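**Q** Line order of the protein sequences matches chains A and B.
For the first sequence, my numbering gives the first residue as 1, with consecutive numbering after it.
For the second sequence, my numbering gives the first residue as 1, with consecutive numbering after it.
Calculated directly from the structure, the hints in this document are not laboratory data.
Given the structure is predicted, the values throughout are model-derived calculations rather than measurements.
By construction, the Cβ of each residue, glycine as well, lies at the ideal position given by its N, Cα and C atoms.
Honestly, I wouldn't trust all of these hints.
Simulated restraints, written as ranges between beta carbons of each label pair [said to hold, decoys possible]: (1) A:SER54 / B:ILE83: 28 to 38 Å; (2) A:ILE78 / B:HIS81: 35 to 45 Å; (3) A:SER54 / B:ASP130: 42 to 52 Å; (4) A:ALA206 / B:GLY146: 31 to 41 Å; (5) A:GLY82 / B:ARG135: 54 to 64 Å; (6) B:ARG133 / A:ALA206: 31 to 41 Å; (7) A:SER54 / B:HIS251: 34 to 44 Å; (8) A:THR125 / B:PHE33: 23 to 33 Å; (9) A:VAL37 / B:GLU37: 52 to 62 Å.
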Amino acid sequence: MTFFTEYLADPRTRDALFEQTLEHIYLTAVPVGMAVVIGLFLGILAHRSPQLRSPILSVVSTFLTIPSLALFAILIPIVGIGATPAIIALTLYALLPIVRNTVSGLFSVDRAVVESAKGMGMSATMRLWKIELPNAWPVMLAGVRVATLLTIGIAAIAALVGGPGLGQEIFTGIRRIPATGSLESLLGGTLFIVILAVLFDLFYLAIGRLTIPRGIRE
Amino acid sequence: MSDQTNGDPLARLGTDAETGETMIELQELTKRFPGQETPAVDRLSLSIPKGEIVVFVGPSGCGKTTSLKMINRIIEPSSGHIIIDGEDVTDIDPNHLRRRIGYVIQQIGLFPHIRIAENVATVPHLLGWDKDRTRERVDELLDVVGLPPEQYRERFPKELSGGQRQRVGVARALAADPPVLLMDEPFGAIDPITRTRLQNEFLRLQTELQKTICFVTHDIDEAIKMGDRIAILQEGSRVAQFATPEEILTHPANDFVEDFVGTGATLKRLKLTRVKEVEPTEALTGRVDEDRETLRQRFDASDWTAMLLLDRENKPLRWLRGPDLRQQDRPLEKAGVRTRALVEPQATLSDALEEMLLGAAGVAIVVDRRGAYRGLLDIDAIITTIQTMKDAQAEYYRAAKLADPEDEVPA
Chain A
1 MTFFTEYLAD PRTRDALFEQ TLEHIYLTAV PVGMAVVIGL FLGILAHRSP
51 QLRSPILSVV STFLTIPSLA LFAILIPIVG IGATPAIIAL TLYALLPIVR
101 NTVSGLFSVD RAVVESAKGM GMSATMRLWK IELPNAWPVM LAGVRVATLL
151 TIGIAAIAAL VGGPGLGQEI FTGIRRIPAT GSLESLLGGT LFIVILAVLF
201 DLFYLAIGRL TIPRGIRE
Chain B
1 MSDQTNGDPL ARLGTDAETG ETMIELQELT KRFPGQETPA VDRLSLSIPK
51 GEIVVFVGPS GCGKTTSLKM INRIIEPSSG HIIIDGEDVT DIDPNHLRRR
101 IGYVIQQIGL FPHIRIAENV ATVPHLLGWD KDRTRERVDE LLDVVGLPPE
151 QYRERFPKEL SGGQRQRVGV ARALAADPPV LLMDEPFGAI DPITRTRLQN
201 EFLRLQTELQ KTICFVTHDI DEAIKMGDRI AILQEGSRVA QFATPEEILT
251 HPANDFVEDF VGTGATLKRL KLTRVKEVEP TEALTGRVDE DRETLRQRFD
301 ASDWTAMLLL DRENKPLRWL RGPDLRQQDR PLEKAGVRTR ALVEPQATLS
351 DALEEMLLGA AGVAIVVDRR GAYRGLLDID AIITTIQTMK DAQAEYYRAA
401 KLADPEDEVP A
């Protein structure tokens with residue numbers, strides 16, 4: 001096994017892996033960011049309107065059942081190859097945990113709290129921003145975290161449709177099996193994805209510490 | 001006769017007090033929930049006088065809570081009118097209306113993510129008060145409800161006990177000094193001992209605040225204790241009787257009221273009389289800063305079997321008997337037995353009786369709100385009060401019998 005002594009010791013591999021890691025971060029952060037914006041909106045809508053709740057949740061659940069490779073392929077004729085189909089597909093995948101947790105987070109807010117806010121004379125918008133969302137936030141943040149981990153994993157497959165990221169290194173390895181160095185590439189890509197996932201997790205831990213009010217922290 | 005009397009503001013004040021100005025007027029208020037045949041509230045009309053506590057009481061499902069929640073339009077009425085202080089508020093912006101009405105609910109509903117001070121400041125913020133004024137008001141209110149601001153201001157709701165949270169709930173409702181307060185079973189979810197304390201504190205507060213209060217409960221005892229007037233509601237919020245507690249206990253309007261008030265009306269009436277209405281007797285007292293020998297001489301000269309020892313602020317400390325005063329081995333504040341059964345003037349005779357029974361001494365010590373000694377209340381005073389009530393009731397039934405000889409007279 002020459003993984004550490006040769007593969008990682010080679011500055012060219014290290015540079016390539018580093019660059020692909022940055023691409024992978026980009027390929028995770030952009031879809032998750034877009035999914036947060038869209039998911040927040042859909043989640044609030046689903047919470048407010050009993051008629052729209054089940055259609056919204058069904059549609060976002062359906063996205064996640066489409067095999068990723070198929071979804072990437074479907075998007076290629078529409079938007080071409082590269083990062084774009086990947087970003088669109090990953091956004092759709094990231095929606096479910098975010099929408100779900102926004103809805104259940106909003107439902108988890110004590111009804112008495114909302115009623116007393118109403119009784120104090122807060123408008124519906126104020127109640128949403130000042131009372132409901134802050135109290136739903138821990139659950140919503142957990143949803144964003146799950147969405148992020150999900151996206152990091154699926155993003156690796158984007159390499160198959162010409163997308164960037166650590167998936168390239170993994171597929172390089174797979175394509176060259178059983179040539180020498182193929183296993184190293186496979187492991188290298190995977191290792192960096194795992195490290196990335198751990199770092200993102202720590203990032204969310206820190207975000208939680210900074211943004212969850214002390215009064216509702218566990 | 002002279003023109004001057006007409007313009008005299010005091011004379012006018014007198015008239016107002018006599019006629020009883022109406023603060024909240026409900027006119028034919030009706031609520032039909034979709035998909036239900038019978039209305040939850042059916043043409044409820046009621047006038048709530050300014051500065052009084054009016055209690056809505058009735059069996060569950062009678063529509064009392066729905067009626068209350070229509071006043072601040074948490075539940076929008078299907079028809080009818082709500083008039084507050086002469087203004088028809090049925091169609092005005094509900095958010096503006098609610099900022100003028102304090103609202104306390106059973107589950108309290110403090111905002112868990114913000115501190116106590118910010119919770120109390122909710123309505124002042126909505127009304128755009130400046131920071132200094134808000135802070136001052138918050139501290140004042142926390143003081144009023146018995147939570148020292150420097151200790152509680154920065155806490156979060158989860159760091160408070162149920163009773164303390166309800167105090168914050170009351171402070172929050174009072175923040176912008178609304179003339180009207182709506183309270184939906186505010187003490188319902190609190191343990192009995194704390195509940196009694198909160199009720200008494202709230203009544204004491206009300207003597208100062210003179211708010212117009214609508215109070216919902218399912219507990220007739222609480223209604224009798226808290227209400228200046230009680231509206232006993234039947235299904236559909238139909239008013240079975242709207243009268244003072246005294247009137248309801250002595251002259252129930254119909255069988256429904258009689259059943260609802262239930263047995264033990266005499267015991268209930270103990271809840272009507274406050275400790276302050278009964279003349280306290282004097283105890284033999286001594287102060288902790290007096291000389292032991294002086295106390296002993298005073299004790300021996302009296303025919304009391306025990307002396308009440310007070311601290312430097314006149315708060316009751318210990319009951320001392322003869323031997324406690326003669327022995328020198330223990331300091332006075334450790335001798336004898338600890339005083340129990342302390343009641344405030346605002347407490348009811350029923351509370352006092354309970355305290356006496358708990359303390360097993362047959363007396364309760366009356367203290368003011370600072371805890372300083374005011375006098376003694378003994379069990380005889382309570383028995384005398386019960387006797388007076390019974391006489392009055394017997395008199396009433398005798399009069400009723402004379403009026404209608406066919407009527408059966410309860411024993």
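**Q** Between VAL37 (chain A) and GLU37 (chain B), is the Cβ distance one that fits in 52 to 62 Å?
**A** 46 Å, violated
**Q** Could you say whether the range 42 to 52 Å given as a hint is met by the Cβ separation of SER54 (chain A) and ASP130 (chain B)?
**A** 47 Å, holds
**Q** May I ask you to test the hint 54 to 64 Å on the CB atoms belonging to GLY82 (chain A) and ARG135 (chain B)?
**A** Holds - the Cβ-Cβ distance for GLY82 (chain A) and ARG135 (chain B), about 57 Å, lies within 54 to 64 Å.
**Q** Quick one: are ALA206 (chain A) and GLY146 (chain B) within 31 to 41 Å, going by C-beta?
**A** 40 Å, holds
**Q** I want to verify a distance hint. Is the separation of the beta carbons of SER54 (chain A) and HIS251 (chain B) within 34 to 44 Å?
**A** The hinted range 34 to 44 Å is violated for SER54 (chain A) and HIS251 (chain B), with Cβ atoms some 57 Å apart.
**Q** Quick check: does the Cβ-Cβ distance between THR125 (chain A) and PHE33 (chain B) fall within 23 to 33 Å?
**A** Given about 26 Å between the Cβ atoms, the range holds.
**Q** Does the Cβ-Cβ separation between SER54 (chain A) and ILE83 (chain B) fall within 28 to 38 Å?
**A** Violated - the Cβ-Cβ distance for SER54 (chain A) and ILE83 (chain B), about 43 Å, lies outside 28 to 38 Å.
**Q** Starting from the range 31 to 41 Å, see whether the pair ARG133 (chain B) and ALA206 (chain A) falls in it by beta-carbon distance.
**A** Given a distance of about 38 Å, which is inside 31 to 41 Å, the answer is holds.
**Q** State, for the Cβ atoms of ILE78 (chain A) and HIS81 (chain B), whether the hinted interval 35 to 45 Å holds or is violated.
**A** Roughly 60 Å apart at Cβ, these two residues miss the hinted range, so it is violated.
In this structure, the hints that do not hold are numbers 1, 2, 7 and 9, in rising order.
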